[in-house]
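Between the sequences and the hints, there should be enough to build the whole structure, so can you do that?
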Amino acid sequence: MVQELKLSKKNRLSVWWRSTFLQGSWNYERMQNGGWAYAMIPAIKKLYTSKEDRAAALKRHLEFFNTHPYVASPIIGVTLALEEERANGAPVDDVAIQGVKIGMMGPLAGIGDPVFWFTVKPILGALAASLAMTGNIIGPIIYFFGWNIIRMVFMWYTQEFGYKAGSKITDDLSGGLLQDITKGASILGMFILGALVNRWVSVKFTPIVSSVKLDKGAYIEWDKLPTGAQGIKEALEQQVAGLSLGDHKITTLQNNLDSLIPGLAALALTILCMWLLKKKVSPIVIILGLFVIGVVFHLIHLM
Amino acid sequence: MDLNIIQIILVVIVAFLAGMEGILDEFHFHQPVIACTLIGLVTGNLVPCLILGGTLQMIALGWANIGAAVAPDAALASIASAIILVLGGQGSAGVSSAIAIAVPLAVAGLLLTIICRTIATAFVHFMDAAAKEGNFRKVELWHIIAICMQGVRIALPAALILAIGAGPVRGLLVSMPTWLTEGLAIGGGMVVAVGYAMVINMMATKEVWPFFAIGFVLATVSQITLIGLGAIGVALALIYIALSKRGGSGNGGNSNTGDPLGDIIDNY
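If you read the protein sequences in the order shown, they are chains S and V.
With my numbering applied, the first sequence corresponds to residues 1070 to 1372, in that order.
With my numbering applied, the second sequence corresponds to residues 14 to 281, in that order.
Since the hints were made in silico from the structure, they are not lab data.
For glycine and all other residues, C-beta sits at the position ideal for the given N, C-alpha and C.
Where hints are given, some of them may not hold.
Across the chosen pairs, the derived CB separations fall in these ranges [stated by the list, open to error]: (1) V/Met-215 x S/Gln-1308: 44 to 50 Å; (2) V/Val-60 x S/Trp-1344: 55 to 61 Å; (3) V/Gly-180 x S/Leu-1082: 48 to 54 Å; (4) S/Leu-1074 x V/Pro-190: 52 to 58 Å; (5) V/Ile-158 x S/Ile-1301: 55 to 61 Å; (6) S/His-1317 x V/Gln-236: 26 to 32 Å; (7) S/Ile-1219 x V/Ala-248: 28 to 34 Å; (8) V/Ser-105 x S/Ser-1279: 44 to 50 Å; (9) S/Ala-1298 x V/Ser-188: 39 to 45 Å; (10) S/Pro-1295 x V/Gly-180: 49 to 55 Å.
Restricting the straight-line Cα-Cα distance to at most 20 Å, the calculated cross-link-like pairs of lysine to any residue (SDA-like) are [as the list claims (entries may be wrong)]: (11) S/Lys-1273 x S/Leu-1336; (12) V/Lys-151 x S/Arg-1123; (13) S/Lys-1237 x V/Val-247; (14) S/Lys-1273 x V/Ala-84; (15) S/Lys-1273 x S/Pro-1331; (16) S/Lys-1282 x S/Asn-1325; (17) V/Lys-219 x S/Trp-1344; (18) S/Lys-1075 x S/Ser-1236; (19) S/Lys-1079 x S/Tyr-1117; (20) S/Lys-1347 x V/Ala-217; (21) S/Lys-1128 x V/His-138; (22) S/Lys-1348 x V/His-138; (23) S/Lys-1233 x S/Asn-1080; (24) S/Lys-1285 x S/Ser-1236; (25) S/Lys-1318 x S/Gln-1308; (26) V/Lys-258 x S/Lys-1079.
What follows is the structure, encoded as structure tokens:
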């Protein structure tokens, strides 16, 4: 290597600032991809000079991406390190970069959602709201500055952390470490995709397949419960003991499908989409079609 | 009460900021406690709007965009209900009726954001075209246009309420059919599959398909969190790499093939 290309702190700060707008062009096809490419542009400009390389890099970073917007920062950091190595001639291919992104985004969203949306936000929000409800202007001020300082500091330091960790991964070029990372990333990526298809694609059928009258003693007899708190206690105890709430056992189509394996319909839908995409059906057509199906199926009470 | 032209412009600017944040989720201008306060500040109704913002914030504490699911829209709820409160001119006494209108507004905002997020799909295709030419400016431009569209999503209704008054808005919200909003929400749950399908088409090889299957099946165990699944995924990748290496280096030698059962059979 004659001259090592390196991202300066100024480049990384610029990426960090732009990552604030990660969700700006959030879309149903590739979600945060536009914002991701927007954030990577300062790095791409620095690392690649030829028009072909730049076009390829932009294309690479317009691929699907979606995670919690704040924990995207460590992923951006690692990706910056990988791009730096690639620009310096290391054999980092597109699949490796996409694999790292996909492999990290699921688990990190699993950290970001509970930490920010369900811990920091309710605590700060409740504090600010209770102040504001008494007409105190300090409430919104605390919320605004508290939230943004926490967020900005978190995003900068995790991005730097990811960048340094990513550089270490790629330092060892002689060993097969990089190849291992590539393969490991695609394994992790596919594994997480399998999990996300099950958890995040939601297809629910509502038709009732059967409604069976239960025998006496299999359900809670509400009219025979004692009144007041005693009755509530007894009802809860009976439910824990396995008694049904109503006197009919209702089985929906969804219950039947779930007993095969939960998420089967989501899997089928995903495979259908893969097939349609391979048949060169435009993603926009698929997306609009799914919305129409959602409305129509809801109208005829299928979903 | 009537607002002067400067106040109207400021209200629309605040609405625009809130709309942007409704998608970005970064600076949190769209959170009720901030958005309502800003509306109050620019219209000179600080205290009633502050109280409205605080109360709405309590309601909206748990609203969050998880995965690809879209939460009720705090941006439209706070901006529009604050404007209606200001226009009503009842001061703090109007807070409770403003809150009553905020929840249907949040649902209407949800509808608008689903529409915007679908339109943005077209924008990223323009970005693709720009990327092919290596044109940074155009990629950036389309991203910024997308953000502005989300700003207009709130600024336009805000301007509309200022223009036509609060009454018709209330009527419009009541007439919005639930089958449409619910149906679109169902569609939104399915549309996510398209994005996953694209990535799978890109990454899938014969070698890594089994890992997809394992991930899918393990995800049905609801006690395993995403972090837990991540740990299993990393462990599987490490095991696979370690084993495939051992198999590779062991082929040449005959003493240790990395396959204890095979050794036993060979030596027997």
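* Holds or violated: S/Lys-1273 to S/Leu-1336, with C-alpha atoms at most 20 Å apart -> At roughly 12 Å apart (the allowed maximum being 20 Å), S/Leu-1336 and S/Lys-1273 satisfy the hint.
* C-beta pair V/Gly-180, S/Leu-1082: status relative to the range 48 to 54 Å that was hinted -> 50 Å, holds
* **Verdict for S/His-1317, V/Gln-236 (Cβ pair) under range 26 to 32 Å** => Given about 30 Å between the Cβ atoms, the range holds.
* Asked: Taken at face value, is the distance from the CA of S/Lys-1079 to the CA of V/Lys-258 at most 20 Å?
  -> 41 Å, violated
* Quickly compare the C-alpha distance for S/Lys-1128 and V/His-138 to 20 Å and report which way the hint goes. => 11 Å, holds
* To do: Take the C-alpha atoms of S/Lys-1318 and S/Gln-1308, compute the straight-line distance between them, and say whether it is at most 20 Å.
  => This hinted pair holds, its Cα atoms lying about 14 Å apart.
* **20 Å limit on alpha-carbon distance, applied to hinted pair S/Lys-1273 and V/Ala-84** => Given pair S/Lys-1273, V/Ala-84 holds - Cα atoms ~19 Å apart, limit 20 Å.
* Asked: Does the alpha-carbon distance linking V/Lys-219 and S/Trp-1344 stay inside the 20 Å limit?
  -> 16 Å, holds
* **Given hint V/Val-247 paired with S/Lys-1237 - CA-CA distance at most 20 Å** => 18 Å, holds
* Are the Cα positions of S/Lys-1273 and S/Pro-1331 separated by 20 Å at most? -> Since the Cα atoms of S/Lys-1273 and S/Pro-1331 sit roughly 10 Å apart, the hinted pair holds (cutoff 20 Å).
* To do: Quickly compare the C-alpha distance for S/Lys-1348 and V/His-138 to 20 Å and report which way the hint goes.
  => Between S/Lys-1348 and V/His-138 the Cα gap is close to 18 Å, so the pair holds against 20 Å.
* **Assessment of proposed distance window 55 to 61 Å (beta carbons of V/Ile-158, S/Ile-1301)** => 56 Å, holds
Violated hints, in rising order: 8, 24 and 26; the structure is consistent with all others.
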